[in-house]
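Trainee: Sequence:
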Amino acid sequence: MSSYVAPLKDMMFVLTELAGLDKVAALPGYEEATTDVVEAILDESAKFTGGVLAPLNYSGDQEGAKWADKAVTMPKGFKEAYAQFVDNGWNALGGNPEHGGQGLPKVVSAAVQEMWKSSNMSFSLCPLLTLGAIEALELAGTDAQKAMYLPNMISGKWTGTMNITEPQAGSDLAAIRSRAEPQGDGTYRIFGNKIFITYGDHDMAENTIHLVLARTPGAPEGVKGISLFVVPKFMVNADGSLGARNDAYCVSIEHKLGIHASPTCVMVHGDNGGAVGTLVGKENEGLKYMFVMMNAARFAVGLEGLAITERAYQHAVAYARDRVQGRAIEGSASGVAIIKHPDIRRMLMLMRSNAEAMRALAYSVAAAHDAAARHPDAAERAHNQAYVDLMIPVVKGWSTESGNELSYLGVQVHGGMGFVEETGAAQFMRDARITTIYEGTTGIQANDLMGRKIAREGGATVKAVIGMMQQTRGLLAQQPGAQFVAIGTALERGIAALSQAADYVVANYGKDVRAVAAGAVPFLRLMGVVSGGWMMARAALVAQAKIAGGDADPFFPAKIATAHFYADHVMAAAAGLASQVVQGGASALALDEAMF
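So in my numbering, spot 403 of the sequence shown is number 403, and the numbers just go up one at a time.
DSBU-like, lysine-lysine: derived pairs with alpha carbons at most 35 Å apart:
| no. | residue 1 | residue 2 |
| --- | --- | --- |
| 1 | K76 | K146 |
| 2 | K146 | K282 |
| 3 | K47 | K9 |
Derived DEER-like restraints, expressed as beta-carbon distance ranges:
| no. | residue 1 | residue 2 | range |
| --- | --- | --- | --- |
| 4 | D36 | R381 | 23 to 31 Å |
| 5 | D36 | A588 | 47 to 55 Å |
| 6 | N88 | E181 | 37 to 45 Å |
| 7 | G550 | T142 | 53 to 61 Å |
| 8 | D553 | A573 | 29 to 37 Å |
| 9 | E422 | D69 | 29 to 37 Å |
Hint data in this document are derived by calculation from the structure and do not stem from the laboratory. C-beta atoms are modelled at their ideal positions from N, C-alpha and C, and glycine is treated no differently.
My request is simple: use the sequences and hints to build the entire structure.
Mentor: What follows is the structure, encoded as structure tokens:
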């Protein structure tokens, strides 16, 4: 069983050279995020995740969360690890200092969260939901709600959830039936059943703060009649102490393909008179606030795709170095480690290059988020927010689809032993599978990207991004050598494919939306592949500049070689994906429904 070692060198390279950490540190309020400070934070996080969380990943998967008598018990070691997690301040890393947070930028939090997820994805889901709930309360909560809940949620003493999905209302939130009855004293009684509630109950924290979607009496039908309520597991007294148990219970947990240590709860509100809750923000505007949580969660789930790829890659490399099987194609009469076989090398390079591309794209989006929130110039804030809005579905959709494919390769590298649970390779593939589904499926992300982010604005932001890609292509043309010719040619072809597909979407979305939507997922993948290639090309240019400046660190030629591989092997898919978008709609819809 391999250990997890955070890829600190690549993380710092991406932060400083591609995401622009120095520019983030120049933003108001982020002055303390200097390179030295961030490097120290990441180093400490690597020690905690590698030494505390990673050893619980396999055992947590084997034991799983347990439910009995409306309560969930976590696997051995999780409660103690969470206490250490809170005591060390990790939950508060990006929190608002006004409520006890450390106020560090999102780009720094993203790197730390990647480590949480690589080391133990099931554990990481608890703070993921808490951080999303914090964002919604910061946006729309009253001063009293913020004072009551945020300090303990930011510290991690209390955790948070999203109570959205119902048995009849999955992605279609218009079908939500949970109801909230006003009591005349500012509180509501909540009644209804919710399913798929991550960490809806557990024994790691003293209180859980549920954010629940429900309808008030007389609310409009559909999504315009949904309100958001904060419903604590234990009521909170005026002095901050915990009071009576609220009428919100976990009545069972799901038995799942993966993430066994993360309890996925069926929650019932109101079996004994109604769960007490208070309105968050304005009545009937709950969906708007919930999307704040979902956007934060979607980015975080995108990080899961990256993180599971990194962990599966490390696991596969360790196995490939040790496993002796077969003779080398040339030059050896005896058995060799399988890492010497060309196809094993190809699979490992696919995992490595995609992980590096996903990391660069995710961190660049996180840095843009910081600029959108803090840049003193309004035009710069708007420009960065547009980039974030465009790329969130790409980070979520492309990274998680890639994580599934690449964790599958991790099993393949192991051969038959990958199919055996004791090696641990299968767990990564099982854990990865949910990432393309929760917080909005890949299809939902793709339709959001194509409809809201491109067609609605006539492709303005995607064309601006393509313009930045073309600037990088121009810089590549100035570099000598076969590797840069290959990287530049692949990026040029990728840009052409993306431009063709984007133009098609803009021109045809209003004419034949069904045919265009049939190509939504291929378009999202195309956007991810080319954006990743752009990031890898930028990385190669930086690496070449370091080499030219006399830096002999082998990290830099390896970075160029990895970018070259990505250009040859991953970017080759761009033209085919564009063809699916532009030409594939009619055939996807050709069969009558009765023929299926």
